[in-house]
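Using the sequences plus the hints, can you model the full thing?
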Amino acid sequence: MYYINRIELGRTLAGRVSDLKGQEAVVIALKEDALTACIGLASEINAWVFPLLSKRIIIPGDPRVVGLIDPAGMFTWNPDLEKPQRDGIELESRSVLEDMKRQAFSELNRILDQYGTFSKDGLNGRVLLLTGDIVEDRIEIAMALEYLKSVRYRALYGLGGNVDSTAADYFHLQTDKDVALDIMTHMFPAEHYFEQKDSYTPEECRLLVTNISQYWT
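Residue numbers (the numbering used here): 1 to 217.
It should be emphasised that the hints constitute simulated quantities derived from the structure, not laboratory data.
Just so we're clear, the structure is a prediction, and the values are computed from it rather than from any experiment.
Heads up, the beta-carbon is just placed ideally off N, CA and C, and yes, glycines get one too.
Treat the hints with caution; some may be incorrect.
Unchecked claim - Listed next, the in silico EDC-like pairs over lysine to aspartate or glutamate satisfying Cα-Cα at most 16 Å (straight line):
| id | residue 1 | residue 2 |
| --- | --- | --- |
| 1 | K120 | D137 |
| 2 | K149 | E107 |
| 3 | K197 | E32 |
| 4 | K197 | E8 |
| 5 | K197 | D19 |
| 6 | K55 | D19 |
| 7 | K55 | E98 |
| 8 | K55 | D176 |
| 9 | K149 | D176 |
| 10 | K55 | E107 |
| 11 | K55 | E146 |
| 12 | K177 | D33 |
| 13 | K197 | D176 |
| 14 | K55 | D121 |
| 15 | K120 | E146 |
| 16 | K55 | E32 |
As the list claims (entries may be wrong) - Distance ranges between label pairs, derived from CB positions:
| id | residue 1 | residue 2 | range |
| --- | --- | --- | --- |
| 17 | K197 | L91 | 25 to 33 Å |
| 18 | L112 | Y2 | 25 to 33 Å |
| 19 | K21 | M74 | 29 to 37 Å |
In structure tokens:
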């Protein structure tokens, strides 16, 4: 499926969950690239936006994504790696992996500082919408599920524009309701699916995220 831009993608997703309007749900952005879509969604259903950003870790010389560091500094393994693969990485590259975790957390903190303070406690009792734009794999979903284990949310949704079939199955199994505008078995790079580049700069996105209630319809 193709879109004019990410704002349109977010508004299209909003049409699929219009029953949530006015419930002050929280749209959880699974990555920074998805923030514009999250803004489009949140402005339509009068929701908040929570930037659950992370850093992927790739060990030099190994093309695989090993895992992610989340805002709390916790490491989540890539769910596509089997246990023997994980054990092999820990055996052969433990010190490198630990160094990369620390570096990733430091880089992530510098990014998150630009968004201000977002407390996980504010997610309790709310409907949470895990939201991606082009969801190419399961790794950010796995990180989000781990991060939210201590949260007593009311319901958990999984939303995406174009979603890899494996990720779509994962959404379906792990959430109370899932919405994918298009489920795909082969995907191009994300920008292939948009006619226009994002309307907002990263700095403008950060301002919109922290002041989203001013744009509720």
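Hint by hint, here is what the structure shows:
Note on K120 and D137: the hinted pairing is violated, with a Cα-Cα distance of about 24 Å set against a maximum of 16 Å. Of the supplied pair hints, the one linking K149 and E107 is violated, its CA atoms being roughly 24 Å apart against a limit of 16 Å. A distance of roughly 15 Å separates the Cα atoms of K197 and E32; the hinted pair therefore holds under the 16 Å criterion. At roughly 12 Å between alpha-carbon atoms, K197 and E8 fall within 16 Å of each other, so this suggested pair holds.
Proximity of K197 to D19 is assessed by CA-CA distance (about 30 Å); at most 16 Å being required, the pair is judged violated. Taking the CA atoms of K55 and D19, the gap is about 33 Å. The hint is violated against a cut of 16 Å. At roughly 14 Å between alpha-carbon atoms, K55 and E98 fall within 16 Å of each other, so this suggested pair holds. Straight-line distance between C-alpha atoms of K55 and D176 comes to about 26 Å, which puts the hinted pair past the 16 Å bound.
Simply put, K149 and D176 have alpha-carbon atoms about 15 Å apart, close enough for the 16 Å limit, and the pair holds. For a cut-off of 16 Å, the pair hint linking K55 to E107 stands: about 8 Å separates their Cα positions. With a C-alpha separation of about 15 Å, the suggested pairing of K55 with E146 holds against the 16 Å cut-off. For the hint pairing K177 with D33, the CA-to-CA distance comes to about 23 Å; that exceeds 16 Å, so the pair is violated.
As the CA atoms of K197 and D176 are separated by approximately 32 Å, the hinted pair breaks the 16 Å bound. Distance restraint check for K55 and D121: the Cα-Cα separation of roughly 22 Å exceeds the 16 Å cut-off, and the hinted pair is therefore not satisfied. Proposed proximity of K120 and E146 is supported: the alpha carbons are some 13 Å apart, at most 16 Å. Proposed proximity of K55 and E32 is supported: the alpha carbons are some 10 Å apart, at most 16 Å.
Distance hint for K197 and L91: a CB-CB separation of about 43 Å, inconsistent with the stated range 25 to 33 Å. Range check, L112 to Y2: Cβ separation about 32 Å, and the 25 to 33 Å hint holds. Checked against the hint of 29 to 37 Å, the C-beta distance between K21 and M74 comes to roughly 33 Å, which is consistent with it.
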